[in-house]
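Protein chains in written order, with the UniProt record's numbering: chain A, 1 to 226; chain B, 1 to 232.
Derived from the structure by calculation, the hints contain no laboratory data. Treat each hint with caution, since some may be false.
Said to hold, decoys possible - Under the rule of at most 27 Å between Cα atoms (straight-line distance), these lysine-lysine pairs were calculated in the DSS-like manner: (1) B:K224 <-> B:K37; (2) B:K196 <-> B:K148; (3) B:K116 <-> A:K104; (4) B:K53 <-> A:K130; (5) B:K196 <-> A:K53; (6) B:K54 <-> A:K130; (7) B:K124 <-> B:K54; (8) A:K180 <-> B:K212; (9) B:K54 <-> A:K99; (10) A:K52 <-> B:K106; (11) A:K6 <-> B:K143; (12) A:K174 <-> A:K104; (13) A:K130 <-> A:K52; (14) A:K26 <-> A:K198; (15) A:K104 <-> B:K37; (16) B:K41 <-> A:K104; (17) A:K52 <-> B:K37; (18) B:K180 <-> B:K196; (19) A:K99 <-> B:K180; (20) B:K106 <-> A:K104; (21) A:K99 <-> B:K7; (22) A:K210 <-> A:K198; (23) B:K63 <-> A:K142; (24) B:K212 <-> B:K53; (25) B:K106 <-> A:K116; (26) A:K62 <-> B:K63; (27) B:K106 <-> A:K99; (28) B:K41 <-> A:K52; (29) B:K224 <-> A:K142; (30) B:K212 <-> A:K62; (31) A:K130 <-> B:K143; (32) B:K124 <-> A:K52; (33) B:K180 <-> A:K104; (34) A:K62 <-> B:K180; (35) A:K104 <-> B:K53; (36) A:K130 <-> B:K41; (37) B:K146 <-> A:K143.
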Amino acid sequence: MAEEVKLFRTWSSPFALRIVWALKIKGIEYETIFEDLSDKSPSLLQYNPAHKKIPVLVHSGKPIAESYVILEYIDETWKETPLLPEDPYERAMARFWAKFGDDKVLTSIVWGVFIKEGKEQEEAMVEAMKNLWFLEEELRGKKFFGGERIGFVDLALGWLANLINILEDVAGQKIVDEDKFPLLSAWMKDFANSPIIKDNWPPRVQMIAKFRALRDAKLAAAASSK
Amino acid sequence: MAESEIKLLGAWPSPFVMRARIALNIKSIDYEFHQEKLGSKSQLLLESNPVYKKIPVLIHDQKPICESLIIVQYVDEAWSSGPSILPSDPYDRAIARFWAAYIDDKWFPSLSGLAKAQGEEAKKAAMDQVREGFLLLEEAFGKCSKGKDFFGGDRIGYLDIALGCFLGWLRVSEKMNGVKLLDAAKTPGLAGWADKFCGDDAVKDVMPETDKLTEFAKILFQAKANAPPPAN
Numbered sequence: 001m002a003e004e005v006k007l008f009r010t011w012s013s014p015f016a017l018r019i020v021w022a023l024k025i026k027g028i029e030y031e032t033i034f035e036d037l038s039d040k041s042p043s044l045l046q047y048n049p050a051h052k053k054i055p056v057l058v059h060s061g062k063p064i065a066e067s068y069v070i071l072e073y074i075d076e077t078w079k080e081t082p083l084l085p086e087d088p089y090e091r092a093m094a095r096f097w098a099k100f101g102d103d104k105v106l107t108s109i110v111w112g113v114f115i116k117e118g119k120e121q122e123e124a125m126v127e128a129m130k131n132l133w134f135l136e137e138e139l140r141g142k143k144f145f146g147g148e149r150i151g152f153v154d155l156a157l158g159w160l161a162n163l164i165n166i167l168e169d170v171a172g173q174k175i176v177d178e179d180k181f182p183l184l185s186a187w188m189k190d191f192a193n194s195p196i197i198k199d200n201w202p203p204r205v206q207m208i209a210k211f212r213a214l215r216d217a218k219l220a221a222a223a224s225s226k
Numbered sequence: 001m002a003e004s005e006i007k008l009l010g011a012w013p014s015p016f017v018m019r020a021r022i023a024l025n026i027k028s029i030d031y032e033f034h035q036e037k038l039g040s041k042s043q044l045l046l047e048s049n050p051v052y053k054k055i056p057v058l059i060h061d062q063k064p065i066c067e068s069l070i071i072v073q074y075v076d077e078a079w080s081s082g083p084s085i086l087p088s089d090p091y092d093r094a095i096a097r098f099w100a101a102y103i104d105d106k107w108f109p110s111l112s113g114l115a116k117a118q119g120e121e122a123k124k125a126a127m128d129q130v131r132e133g134f135l136l137l138e139e140a141f142g143k144c145s146k147g148k149d150f151f152g153g154d155r156i157g158y159l160d161i162a163l164g165c166f167l168g169w170l171r172v173s174e175k176m177n178g179v180k181l182l183d184a185a186k187t188p189g190l191a192g193w194a195d196k197f198c199g200d201d202a203v204k205d206v207m208p209e210t211d212k213l214t215e216f217a218k219i220l221f222q223a224k225a226n227a228p229p230p231a232n
């Protein structure tokens, strides 16, 4: 029985990239449909009417949306190379740090530090540093957030390993200082160079261009509203 | 097993705390409830949830678990012999998790947006958003319940808990604005579900009465109006 797996994604979305990693780590064959978010396909609108967003996984015709929901579905459906730990407390911790990654780390770095400048950026940095510090503490005694091998939290936070460097280049601002965050810096290198992960990063030149355009647009909007 | 092995830090008006209490009730788990006072945070809370400093926090054998939906899933998995809270089929679980995330990310902010809205236009816009959300959730209810009483089927489950915890505050909003937000004519499934949910054994003792909650809301809004801007 062919179990058709399709992934609706964009070339740059860090949320979709998590799903690519999970599928490849588990050796699941799938078809990719690239979406242009300025011109969404009828399929996407049909599969995710509530949010009209990617990623969407479609398994044997059944759609699943929201990246963490998709990751848990994948882990429960294809049991080889588990992403979440077995112990209920460890699972709760993994879910907690994954959520913290999106709610606090991503928000404070991209929508805080990256799109600001001057005093506003300095203030945003304080918040970002607090959040990164929690991650640094969480890595104590571990190579990956998942322990000896990559797990759910590594995939959830994986965007950091590639995007931080791009954001630092574009904004001209150090965000993850190796001296302040030695464990997190080491993790970023180890994760970025891991098998499968290292072959699936989006093209750097395009990422630089995209984030430069984002920062310019946000700074211009902030300046014109003053 | 000593009761103090399981503590829940919370407050009676909080819908998020209610989620944890309902989950514990479903599994018939005895626990110590530590009521946090409005406007202050206990040392235990600050130590148990240094990241967010928020309730609810479940402390099981001295290990803290934070974030209401994460607590509900933990309770389901740690006490796996009790009645299940999440569905057993992976796709049904994904659908339940999807709508729970929708409720937290989109629907609840529209309800709390209504409380914060200033002026007639803003209030009307907020109410429209709440009602639109209910239309989506009505459809979800139809698909998930498959003709039964609850999102979870015959018994209340994850998605029932995720949405049902807000019914008290919903009624307060309806009362204070003199409107119906959950309309039996437009969303009959949800309207019927709401009554059954509130009457459920695992829910009825932890769902605050609307009058008591309305009084609390007035105190809360007054306190917020009087307070200086919060320091970070």
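Evaluated hints:
1. B:K224 <-> B:K37: holds, 15 Å
2. B:K196 <-> B:K148: holds, 11 Å
3. B:K116 <-> A:K104: Roughly 23 Å between the alpha carbons, so the hint for K116 of chain B and K104 of chain A holds.
4. B:K53 <-> A:K130: Holds. K53 of chain B to K130 of chain A sits at ~14 Å (cutoff 27 Å).
5. B:K196 <-> A:K53: Cα-Cα ~34 Å, so violated.
6. B:K54 <-> A:K130: Distance of about 17 Å is within 27 Å: holds.
7. B:K124 <-> B:K54: Violated: K124 of chain B and K54 of chain B sit about 31 Å apart, past 27 Å.
8. A:K180 <-> B:K212: Between K180 of chain A and K212 of chain B the Cα gap is close to 49 Å, so the pair fails against 27 Å, i.e. violated.
9. B:K54 <-> A:K99: Cα-Cα ~15 Å, so holds.
10. A:K52 <-> B:K106: holds, 13 Å
11. A:K6 <-> B:K143: Holds, at roughly 23 Å.
12. A:K174 <-> A:K104: Holds, because 18 Å separates the two Cα atoms, which is no more than 27 Å.
13. A:K130 <-> A:K52: Violated - the C-alpha atoms of K52 of chain A and K130 of chain A are around 33 Å apart, more than 27 Å.
14. A:K26 <-> A:K198: holds, 16 Å
15. A:K104 <-> B:K37: Within the cut-off at roughly 26 Å; holds.
16. B:K41 <-> A:K104: At roughly 21 Å apart (the allowed maximum being 27 Å), K104 of chain A and K41 of chain B satisfy the hint.
17. A:K52 <-> B:K37: violated, 41 Å
18. B:K180 <-> B:K196: Holds, at roughly 18 Å.
19. A:K99 <-> B:K180: violated, 34 Å
20. B:K106 <-> A:K104: holds, 17 Å
21. A:K99 <-> B:K7: holds, 23 Å
22. A:K210 <-> A:K198: Since the Cα atoms of K210 of chain A and K198 of chain A sit roughly 20 Å apart, the hinted pair holds (cutoff 27 Å).
23. B:K63 <-> A:K142: holds, 19 Å
24. B:K212 <-> B:K53: holds, 26 Å
25. B:K106 <-> A:K116: holds, 26 Å
26. A:K62 <-> B:K63: violated, 37 Å
27. B:K106 <-> A:K99: holds, 16 Å
28. B:K41 <-> A:K52: The hint is violated at about 39 Å.
29. B:K224 <-> A:K142: Roughly 43 Å between the alpha carbons, so the hint for K224 of chain B and K142 of chain A is violated.
30. B:K212 <-> A:K62: Violated, at roughly 44 Å.
31. A:K130 <-> B:K143: At roughly 42 Å apart (the allowed maximum being 27 Å), K143 of chain B and K130 of chain A break the hint.
32. B:K124 <-> A:K52: holds, 25 Å
33. B:K180 <-> A:K104: Violated: K180 of chain B and K104 of chain A sit about 35 Å apart, past 27 Å.
34. A:K62 <-> B:K180: violated, 35 Å
35. A:K104 <-> B:K53: holds, 14 Å
36. A:K130 <-> B:K41: Status holds; Cα separation ~20 Å.
37. B:K146 <-> A:K143: This hinted pair is violated, its Cα atoms lying about 46 Å apart.
Hint check: violations occur at hints 5, 7, 8, 13, 17, 19, 26, 28, 29, 30, 31, 33, 34, 37; the rest are consistent with the structure.
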